[in-house]
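Sequences and hints are given; from them, build the entire structure.
Taken in sequence, the protein lines are chains A and B. With the UniProt record's numbering, letter number 415 in the first sequence gets 415, and the count goes up by one each step, no holes. With the UniProt record's numbering, letter number 234 in the second sequence gets 234, and the count goes up by one each step, no holes.
Fair warning: there could be bad hints in the mix.
[Unchecked claim] Below are the DSSO-like pairs computed for lysine-lysine, each with C-alpha atoms no more than 30 Å apart in a straight line:
(1) B:Lys30 - A:Lys96
(2) A:Lys344 - B:Lys325
(3) B:Lys280 - A:Lys263
(4) A:Lys137 - B:Lys29
(5) B:Lys325 - A:Lys336
(6) B:Lys686 - B:Lys802
(7) B:Lys281 - A:Lys96
(8) A:Lys137 - B:Lys30
(9) A:Lys96 - B:Lys5
(10) B:Lys325 - A:Lys295
(11) B:Lys281 - A:Lys412
(12) B:Lys78 - B:Lys117
(13) A:Lys248 - A:Lys213
(14) A:Lys137 - B:Lys93
(15) B:Lys205 - A:Lys248
(16) A:Lys412 - A:Lys248
(17) A:Lys341 - B:Lys325
(18) A:Lys412 - B:Lys357
(19) A:Lys295 - B:Lys238
(20) A:Lys248 - B:Lys238
(21) A:Lys394 - B:Lys325
[Unchecked claim] Derived DEER-like restraints, expressed as beta-carbon distance ranges:
(22) A:Glu403 - B:Gln96: 21 to 29 Å
(23) B:Val43 - A:Ala67: 19 to 27 Å
(24) B:Lys325 - A:Val413: 18 to 26 Å
(25) A:Gly284 - B:Glu496: 45 to 53 Å
(26) A:Arg30 - B:Gln96: 33 to 41 Å
(27) A:Asn42 - B:Val43: 16 to 24 Å
These are calculated hints, taken from the structure and not from any lab test. We put the CB at the ideal spot given by N, CA and C, even for glycine.
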Amino acid sequence: MALSSAHAIYFFNLRGDILIERRYRDDVTRDVAENFRTQILNSKDSSAIQTPVRTLGSCTFMHLRHADVYILCISKNNPNVMLAFSFMTSLVSLFKSYFGGDLNEANIQNNFVLIYELLDEAMDFGLPQITDPTILKSLIFQKGSSIDFFEKKKEKADPNATLQVTGAVSWRKEGIKYKKNEVFLDLVEQVNLLMSSNGTILTSDVQGRIMMKCLLSDMPELRVGLNDKVEDATFHQCVNLSTYEAQKVITFVPPDGEFELMKYRCHDGVSLPFKVLPVINEMGRTRLEVNVQIKAAFSSKIYGINMTILVPVPDNTAKANLLVTNGKAKYDATKKALVWKISKFMGESDHSLRAEVTLVATTKEKKPWVRPPISMQFQVPMLSASSVRVAYLKILERKMGSEYHVDKWVRKVVKSGEYIIRT
Amino acid sequence: MSDGKYFSTTKKGEIHEFKEELRSLEKSKKKDGVKKVIAAMTVGKDVAMLFPDMMNCMQTEDLELKKLVYLYCQNYAKTQPDLAIMAVNTFVKDSQDPNPLIRALAVRTMGCIRVDKITEYLCDPLQRCLKDDDPYVRKTAAICVAKLFDINPELVDDRGFLDQLRDLLSDANPMVVANALAALQEIQEISGKDMLQLSQNTLMKLLTALNDCTEWGQVFILDALAGFETRDPRDAEKIAERVLPRMQHVNSAVVLSAIKVILRMMDICQSADLVAAWSKKMAPPLVTLLGAEPEVQYVALRNINLVVQKRPSILANEVKVFFCKYNDPIYVKMEKLEIMIKLASDKNIDQVLLEFKEYAQEVDVDFVRKAVRAIGRCAVSIERAAEKCINVLLELIKAKVNYVVQEGVIVIKDIFRRYPNRYENIIATLCENLDSLDEPEAKASMVWIIGEYAERIDNADELLETFLDTFPEENSMVQLQLLTSTVKLFLKKPTESAQKMISLVLSCATNETDNPDLRDRAFIYWRLLSTDPEAAKDVVLAQKPVITDDVGNLDQGLLDQLLRQVATLSSVYHKPPEMFVSRQRLAVQKADELQDHQFEEEEVPGAASTSTAAVAAAATSAAPQVDLLNLDSGGPEAAAAPPRAVGGIDDLLGGLDISSTSSSTPAPQLPVLLSDPSKGLVIQGKILRQGGTVTYALVIINSSASPLDGLMLQTNRSTFGLGPVNVVLQVPSIAPSSTATALVPMLYDSTKILPGAASSKLEVAMKTNQAGVLYFADAVPLASLLEESGGIEGQAFLNAWKTLPPETPQRLQLTVFNIESAKQRLQAANLFVLAHRPVPGTSQEALYLTGKVGGINVQVLVEVRLTVGVPGMDVSFKSERTDLATMTFEAVAQILA
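Shown next, in the form of structure tokens:
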């Protein structure tokens, strides 16, 4: 078994042109990367399923697509594949954090010098090293191209940078100062639903995240207590996992600024914010009757915002007559769906969409319409979909003791994940 | 302004421009120049000639600039070894810089430059950096030891670097510990020896460091812990206790490596309570992995598949999380489906079936087919659900979507085999769809059903007859099945029409076919029916053993081996590393060990394999009671077919349908490459060009007494770097005294190119599970390497011809009678004829030819002078690689012979 997960790493655009080439060992050449384009990306063999891991000859190709870019790790022998993919996803977030925007072809070209510099620190001899942006920013100060390259502020190198990045609390510098100590804690819950056409809930779960923004001086230790409903959680590097295992208290010295403290997942006791009742009737070969009713299952004191409901209709739709009790709806030919947008949906209310869809009669015998599912996007501020609650947030700074004052802000929001209703 | 502009210069003379800028005294201009060179390097332009100018930029205070020059140096030092030495001074100086970042940068870069002279100078700086006060420098130096080992293992030994690396395992800094560990593991991988030698003492240190190091460091440590050899349950408990919290890490790689460790400790731990507690904690992290990017999910799913086979209880209640989402990529859906089948049970079957039914109505054909198969597999494995499954299948078949019907018939055939005489009432529905069956497997399945239940189907003879009309055009699978089913019909209902049919089929199958399997089988039936009809009944209508669903289930030994490889490529392919790791060294070492493992192959993405292979050989072992044709090989009909997986049809007959067994189509006589009577193996073969790819045509003759399987092919380094596309040969098991042919596609692997004078020699290793690794040498004919796109313009040819030095012409003893046909043959062999003219003052004619040799991408130019009808021709050769001359002469001779 080999740890080394990338003898070389490449970035390609969708055409298969090489945008970045960084070889960590010299047993891989550019020609090998060309094989990726000819044999994997542009493979003529459409019968084979394109899996993200392929071996050609002695080289194994592991690739990931992000926006309009392919990231490729080439390795040999028997590498730790999960390490390679995990590393690639970390690179994506690292670059995003430096660019201050998304990772795409244009941004890669505009920042190639920076990328080479980052790749130098992120991996050595194929072994992942440091990919945490908060840590790397103390070693590499160059900013992404959004800031004018030549006018960038020359930050002074921290003489202790190297000690800090390799140390036990690598994610936080000593001596951070704020006039006013503030900490923001956001409980963001994403609710996923898969419902059958007869209204049975097939799967539903909540993917929760706690996002923190810490503007705190010195070396504070934070303790977050949750009611013990959390089934399955993963934590940021800064959290002491052993303490959590023993006492169920999340204890950590936070990185400076914004970060994701934890993720969790709940299956049981999920309260779905919206119930959807679709009725779609095919009336002969040229007409479709659609009736979708949505009920808000939360308190009337709060409301949902930015809602979009997509109701797919057949490819040969000619037009649709729509009637909605709230918001706006229209037929979108490119999405092959009725798009219903609602800007504000009060709790405990219900709204419906009725549509009469006219189809173009086709002469040739068609396969029956597969009835793709209805999907829904929404946000409901001040709501929780799981029973997870933040019980307390305590902050302790050992040197300052009781002199250490902090303003604390705790908010919550529920968002739609994959909210899918089969029809 | 952004760096994008550095890519924009594409005009001619840019190299010169770069030079100017690099030599500029103005700092910002110089830096711009360096950036442009790196940009040019990135897009694949050759900027090697700027090496001296770039080296002159190396001594700078600007760290960013220095890094870029170092990057350049890593890429090009190998091509300019003599100039690279210029850099040594700067490296050595930088390795003593007061700034730890620069010290680390120097030692990191030096380790990546594989030039002997530089390596010599690396040792002292490395020695110092391993003891540096700054942990950042130490962690970089630790990895540099592994780099050095890869270049020169003796040097690492001589200078005692290994011991220093082991000392670093006790370093106070967690990242240094993790990197030292990673370096040792890499060295272990390179050398094949146990370098870690983990003691109890180091174990404790690693467990301590685990808490504090970076996420990647945690993976290094966890992977080392998974390999820790212990039989002591107390060790296992101690390790598991520290590792369990890691399963909650946000990084998927940490989670999966932690799971690997816990799975391993479960095997050692003796307390059932503890194992149960650990199992319970393992379910949520496994499920959480499915929330990540699809590519990560894919790797996770392949591993979960293994976990579910070993410890089904862990995820027994979680089948819902594997339900496919509408927009999951197809490769994720396929894996989820496989796991759903494994988790399906009495308790959840209703829900699971509803899902399968939903999937069977989606759009992606592959996925739909797999969903239909899934229903069939559940029916076979869960007896109480069989009826429900059949109902769902019938519903799907009634929708009359062509490929659903076909797939449905195939799985219903399996269900009939699993539960004989229980669901025949549905045959009528199946018969309604007879006309829509056009795929061989579906047709063969339907024919089998008709034959098997001939006595209950009133019009069985009519139904079979409809198929018989097209008998000669059918696929061999269908033909074989038709033959057997007609015999069954005749034995069960010896009516007049059946009699007519049987004589028709037997005469078709014996007189009008080239397929030896079909012919042999027909003769067997014929003789059986004419000598002893009762014996024929015993054989053809024998009770068949009940099948089970073991598709994708790995054998226990292999499963345990794979579970130790969780998270690695091996776990994704479900194959032991020996099956795809190409390093010869490793292959040889592990060859013996491999023989102990018998495994059934599974369909693997990427490295696809033959899933039906393993069984064929086993079929032969069930020896016939009557030796009918005095043949040693050739299976008995249906008599004692071994039970086997759902999905194939061949075993229904107990016969051998795989084309490569028993006296297949006679292969053209190929040169014998290896004949090893002690192993009972003869290999014939030749490298040729087929459809634009280099192909190894191989004939493997098994003269031993046992079946041969697990064939793999690997090549050593050679002039052209030829190697097989897939190491695993797509050849099913070869029965004793039979022959298999394979056309193995080859590719050029530039890492396998052997420098030095060109040679046609290719050293090949062939491995089988039975005979182990065998070596032979072959010659690569240059003609097979000439590329289709190898023609050049006449003018270019002329220029090249003028500039290249002349070589001694060779006289070939060949006679050409028709110059046009000779030209055609040359052209067809990718030696392109650019000109054909008479040689003034003689009766000779001259042909000017050119071709491009693949792998090394070299153009060869050839002049042939000959007189039509007169023996002998003079061939002259020119090329940048003059050492290709002999091979080119051989190629011309071969083509014109």
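(message) So if I understand the rule, the pair passes when the alpha-carbon distance is 30 Å or less; does lysine 412 (chain A) with lysine 357 (chain B) pass?
(response) Roughly 39 Å separates the two Cα atoms, so the pair is violated.
(message) Next pair to validate is lysine 325 (chain B) with lysine 336 (chain A); report whether the Cα-Cα distance is within 30 Å.
(response) Judged against 30 Å, a Cα distance of about 19 Å means the pair holds.
(request) Compare the distance between the alpha carbons of lysine 248 (chain A) and lysine 238 (chain B) with 30 Å, and conclude whether the hinted pair is satisfied. (result) 21 Å, holds
(request) Could you check the hint for me, namely that glutamate 403 (chain A) and glutamine 96 (chain B) are 21 to 29 Å apart, CB to CB? (result) 45 Å, violated
(message) Is 19 to 27 Å respected by the C-beta to C-beta distance linking valine 43 (chain B) and alanine 67 (chain A)?
(response) 20 Å, holds
(request) Verify the proposed pairing of lysine 281 (chain B) with lysine 96 (chain A), using a straight-line Cα cut of 30 Å. (result) 34 Å, violated
(request) Verify the proposed pairing of lysine 394 (chain A) with lysine 325 (chain B), using a straight-line Cα cut of 30 Å. (result) Status violated; Cα separation ~40 Å.
(message) Run the distance test for lysine 341 (chain A) versus lysine 325 (chain B): straight-line Cα separation, threshold 30 Å.
(response) Roughly 23 Å between the alpha carbons, so the hint for lysine 341 (chain A) and lysine 325 (chain B) holds.
(message) Would the hint linking lysine 137 (chain A) and lysine 93 (chain B) be met if the CA-CA limit is 30 Å?
(response) This hinted pair holds, its Cα atoms lying about 27 Å apart.
(request) Assess, step by step, whether the Cα of lysine 325 (chain B) is no farther than 30 Å from the Cα of lysine 295 (chain A), and give holds or violated. (result) 24 Å, holds
(message) What's the verdict on lysine 686 (chain B) and lysine 802 (chain B), does the C-alpha distance respect the 30 Å limit or exceed it?
(response) With Cα atoms ~36 Å apart, lysine 686 (chain B) and lysine 802 (chain B) exceed 30 Å; violated.
(request) Below or equal to 30 Å on CA atoms is what counts here, so check lysine 344 (chain A) against lysine 325 (chain B). (result) 28 Å, holds
The earlier numbered hints that this structure contradicts are 6, 7, 18, 19, 21 and 22.
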